[in-house]
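Number of protein chains: 4
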Amino acid sequence: MTDEQEKGLDAPIRVGVLGARGRMGVEVCKAVDAAGDMDLVAMVDQGDWLFNASDAGAEVVVDFTTPDVVMDNLHWCIDQGISAVVGTTGFTEQRLERVRGWLERKPGVGVVIAPNFGIGAVLMMQFAAKAARHFESVEIIEQHHPRKLDAPSGTATHTARRIAAARAAAGLGPVPDATSAEVPGARGADIDGVRVHAVRATGLVAHQEVLFGTTGETLTIRHDSFDRASFMPGVLLAVRAVRHRPGLTIGIDELLD
Amino acid sequence: MTDEQEKGLDAPIRVGVLGARGRMGVEVCKAVDAAGDMDLVAMVDQGDWLFNASDAGAEVVVDFTTPDVVMDNLHWCIDQGISAVVGTTGFTEQRLERVRGWLERKPGVGVVIAPNFGIGAVLMMQFAAKAARHFESVEIIEQHHPRKLDAPSGTATHTARRIAAARAAAGLGPVPDATSAEVPGARGADIDGVRVHAVRATGLVAHQEVLFGTTGETLTIRHDSFDRASFMPGVLLAVRAVRHRPGLTIGIDELLD
Amino acid sequence: MTDEQEKGLDAPIRVGVLGARGRMGVEVCKAVDAAGDMDLVAMVDQGDWLFNASDAGAEVVVDFTTPDVVMDNLHWCIDQGISAVVGTTGFTEQRLERVRGWLERKPGVGVVIAPNFGIGAVLMMQFAAKAARHFESVEIIEQHHPRKLDAPSGTATHTARRIAAARAAAGLGPVPDATSAEVPGARGADIDGVRVHAVRATGLVAHQEVLFGTTGETLTIRHDSFDRASFMPGVLLAVRAVRHRPGLTIGIDELLD
Amino acid sequence: MTDEQEKGLDAPIRVGVLGARGRMGVEVCKAVDAAGDMDLVAMVDQGDWLFNASDAGAEVVVDFTTPDVVMDNLHWCIDQGISAVVGTTGFTEQRLERVRGWLERKPGVGVVIAPNFGIGAVLMMQFAAKAARHFESVEIIEQHHPRKLDAPSGTATHTARRIAAARAAAGLGPVPDATSAEVPGARGADIDGVRVHAVRATGLVAHQEVLFGTTGETLTIRHDSFDRASFMPGVLLAVRAVRHRPGLTIGIDELLD
Chain D
1 MTDEQEKGLD
11 APIRVGVLGA
21 RGRMGVEVCK
31 AVDAAGDMDL
41 VAMVDQGDWL
51 FNASDAGAEV
61 VVDFTTPDVV
71 MDNLHWCIDQ
81 GISAVVGTTG
91 FTEQRLERVR
101 GWLERKPGVG
111 VVIAPNFGIG
121 AVLMMQFAAK
131 AARHFESVEI
141 IEQHHPRKLD
151 APSGTATHTA
161 RRIAAARAAA
171 GLGPVPDATS
181 AEVPGARGAD
191 IDGVRVHAVR
201 ATGLVAHQEV
211 LFGTTGETLT
221 IRHDSFDRAS
231 FMPGVLLAVR
241 AVRHRPGLTI
251 GIDELLD
Chain R
1 MTDEQEKGLD
11 APIRVGVLGA
21 RGRMGVEVCK
31 AVDAAGDMDL
41 VAMVDQGDWL
51 FNASDAGAEV
61 VVDFTTPDVV
71 MDNLHWCIDQ
81 GISAVVGTTG
91 FTEQRLERVR
101 GWLERKPGVG
111 VVIAPNFGIG
121 AVLMMQFAAK
131 AARHFESVEI
141 IEQHHPRKLD
151 APSGTATHTA
161 RRIAAARAAA
171 GLGPVPDATS
181 AEVPGARGAD
191 IDGVRVHAVR
201 ATGLVAHQEV
211 LFGTTGETLT
221 IRHDSFDRAS
231 FMPGVLLAVR
241 AVRHRPGLTI
251 GIDELLD
Chain E
1 MTDEQEKGLD
11 APIRVGVLGA
21 RGRMGVEVCK
31 AVDAAGDMDL
41 VAMVDQGDWL
51 FNASDAGAEV
61 VVDFTTPDVV
71 MDNLHWCIDQ
81 GISAVVGTTG
91 FTEQRLERVR
101 GWLERKPGVG
111 VVIAPNFGIG
121 AVLMMQFAAK
131 AARHFESVEI
141 IEQHHPRKLD
151 APSGTATHTA
161 RRIAAARAAA
171 GLGPVPDATS
181 AEVPGARGAD
191 IDGVRVHAVR
201 ATGLVAHQEV
211 LFGTTGETLT
221 IRHDSFDRAS
231 FMPGVLLAVR
241 AVRHRPGLTI
251 GIDELLD
Chain V
1 MTDEQEKGLD
11 APIRVGVLGA
21 RGRMGVEVCK
31 AVDAAGDMDL
41 VAMVDQGDWL
51 FNASDAGAEV
61 VVDFTTPDVV
71 MDNLHWCIDQ
81 GISAVVGTTG
91 FTEQRLERVR
101 GWLERKPGVG
111 VVIAPNFGIG
121 AVLMMQFAAK
131 AARHFESVEI
141 IEQHHPRKLD
151 APSGTATHTA
161 RRIAAARAAA
171 GLGPVPDATS
181 AEVPGARGAD
191 IDGVRVHAVR
201 ATGLVAHQEV
211 LFGTTGETLT
221 IRHDSFDRAS
231 FMPGVLLAVR
241 AVRHRPGLTI
251 GIDELLD
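So the sequence lines, in the order shown, correspond to chains D, R, E and V. Heads up: the first sequence at position 129 corresponds to 129 in the UniProt record's numbering, and the numbers run straight through without jumps. Heads up: the second sequence at position 51 corresponds to 51 in the UniProt record's numbering, and the numbers run straight through without jumps. Heads up: the third sequence at position 191 corresponds to 191 in the UniProt record's numbering, and the numbers run straight through without jumps. Heads up: the fourth sequence at position 54 corresponds to 54 in the UniProt record's numbering, and the numbers run straight through without jumps.
Hints may be right or wrong, so weigh each one.
Cβ-Cβ distance ranges computed for the label pairs, FRET-style [unchecked claim]:
1. Arg243(R) x Asp192(E): 53 to 61 Å
2. His75(R) x Pro176(E): 43 to 51 Å
3. Ala168(V) x Pro115(D): 37 to 45 Å
4. Asp33(E) x Leu96(V): 50 to 58 Å
5. Arg133(V) x Pro107(E): 27 to 35 Å
6. Arg243(R) x Gln46(V): 26 to 34 Å
7. Asp257(R) x Arg147(D): 37 to 45 Å
8. Ala178(E) x Arg243(D): 35 to 43 Å
9. Ala169(V) x Asp33(E): 22 to 30 Å
10. Arg243(E) x Arg133(V): 40 to 48 Å
11. Ala229(R) x Pro176(E): 22 to 30 Å
12. Ala11(E) x Ala169(V): 35 to 43 Å
If you are wondering where the hints come from, they were derived from the structure by calculation, not from laboratory data. Cβ coordinates follow ideal geometry from the N, Cα and C atoms, glycine included.
Assemble the whole structure, with the sequences as input and the hints as a guide.
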């Protein structure tokens, strides 16, 4: 919370939530309600009228609904001149193009669509991409509960790819590795040349560590996420930012600068 | 090492070392010698002629000497048109002004003066300063061998100050802390509102962890340094960069971008 | 779960829960219900008859009630020949003596009273006490959410005291520490000569690290607890063990061997 | 060092070193020399007389030589009534039998033969074996410098086997793991049902983490070794203990109790 917000110099941001009774929507409603600089003016879910949001004077709408309704929701918001923060999944390049088209006709409106609102996870990836070119070695260790189906996690794979791209851009060759006798799997999965290890254990939630090494030193960036409330600071950040960012913004990366 | 360097498209950088028989100088000589894109052309120490470096055609000089001779060394280098990378301590604002004056008259020459050539430590501080405004909570835990005299370490204090400044700039208030019954010292030292804990144990070398926390998640940036060889990648980075950076550069922060 | 339990060779243990609608009681009921080798036969809370438990044939009763009723509950259980696992607080030495007295007259009945059912926390303390005499240095870093009132935590203080006792018994002198310039608090709280650091940050739950160091190596024992469900494996362990341990057992330490 | 030792109530232990000019032997000589309760009375290497050790009155001999001479050395020591601490490798069951035979005829003499004198590593394995039966999940992450040829390390493999044996003895089934989509290697090597991940990075030395998990909590045991001096406390411990342990002792495990 900034001083400005605490002093209440700004009027609160009027926020409507679409998908308000869903798992994430409930958390968003709680978080908006608790934020000193926002008013929760509309909670809309299946069977409710979208016009509830406009009638209540919403300036920003947060959408955690489903791929089959999110495009209609967005079209309506943009038409109404309401900015939107979207956590719903299923955005293909084609869909993004259509959103861009709608926004062109409404120059004052902003839309933020993000696959991941976790500030910690996004910063971890940014820092990892930045550090990548300065270290000879890098490996990723991700740790999750044992009910997870994929290994490694999507975030770990994405991080590995960004690191690999940064290494390639800096002209770095392969990481040093003299392993000549390996029990299969010991050295992890190879994602674009970056070794990724997936640990699974009861008691864990969602954790990731990126380990960089060079002569005589290591740098470790670690992210621990304990519950889905961890996405809320990123959602609120996007709500605050979207009013000043006309057009389409993908991901919250740029909002963090 | 970049592909370009490996292919040898560039001629090697000709490097002279001042203070070549000192503790750090010996490491620098080894590192320059091992670098594929550099030639170690002169090793100068107390009692040797500086002209050995110019006679050998040094393009860049690395100076790890002492506060009483470093200004003379620098004056001579700049006069000769040789760029310099300086790890010697004792640079006051007054001294830096004098170096800037000498450089103005030699527009092609560059000088990098850095208090810390550890790439890991410098990145840790950069990342911490960037993350600071996005997290409600932050604490620093530094860990060193028990022969260390000061607690907390200079790096920890410096990191805390940068974090505190970033929080202030973002309008963040004090970190939340309900502690009402404290055994004296349990909550660490207060450096500009950031709690810093100094751990001392045999077997440790030099380690620092910055822990950020917000609702449901934490982000940890950790640096482990095992020996003074860890400064060498930063020195080599500065040697490569200084030729393209006329004028005075303080610290290696900007060289990492 | 052992093979034997899975094969159902043993009849399930019949378990009654006292304080079944309390915060911990609810968790115990869920855990007993989910355990393949137990049957939840009675859930008793304020206003219910204790005889529900005996009528239902409970062999073991778990008591998470309050200090004002727990003694009556225990007296009744022992009289009925029902063994008990007790997590209720407030047991003075005097109270323990009374329980011992009751048990003497019922030689087949067992009672386990434990201040902490977290297997991880108890093992951490055991291991720390065992390692203590082999390392020159030791420090404790505990990390909790910022709503915690005391610093350091009770567990950290208790761990420090056990370590200090083990060091004294082994004839170890003070830990090495050359600190001569300390910002107040940097070196943590002094608990019987062991330095303890208390970190507080939003996003954390309950964590503790014990760091041991000697020449060239460190050994770290770390415990992370994420929710109160973490006490349940310890409660179930005690339920299984209490039937074969007549008399009074304090803590779950011995049950872990 | 115990108070008793510091007060010098005991006469110092007279120690001879065989293989005194080897890599490990040099470290042993330094460590014995620095220990307040020992006197380094003989340094023997290739070409020197073993009788130097007996002439100097050695009570204990430390042997870091080679498999081809160690049996002769041991035979001689036992004959002379000198106890021995042996770090030399290559001991088959057959060789151990021969040593036992020699010792039977010299009831007062003790011999300790250990594959690993690192107290931290040995305690890590002991604690892991003890914790194993109390946690549903367990994985091992070992981290080494990239010049290492085998993955996972011998210590990690040995730890995994001890954990697997402890789980089997407790009747625990396989660790839970719902992974159905795995990039090959992501889930690590399978050592007797325990997943082991081998991380390799410049800057690392030798590190191992054993992670245990159960409902709502994890317990982590981590060992960091920075240089071969880390074996010396274990060697000194064995020197002190061997005088009171007639017969053959394998490993330093029992000496730690």
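Enumerated hints in conflict with the structure, sorted upward: 6, 8, 10, 12
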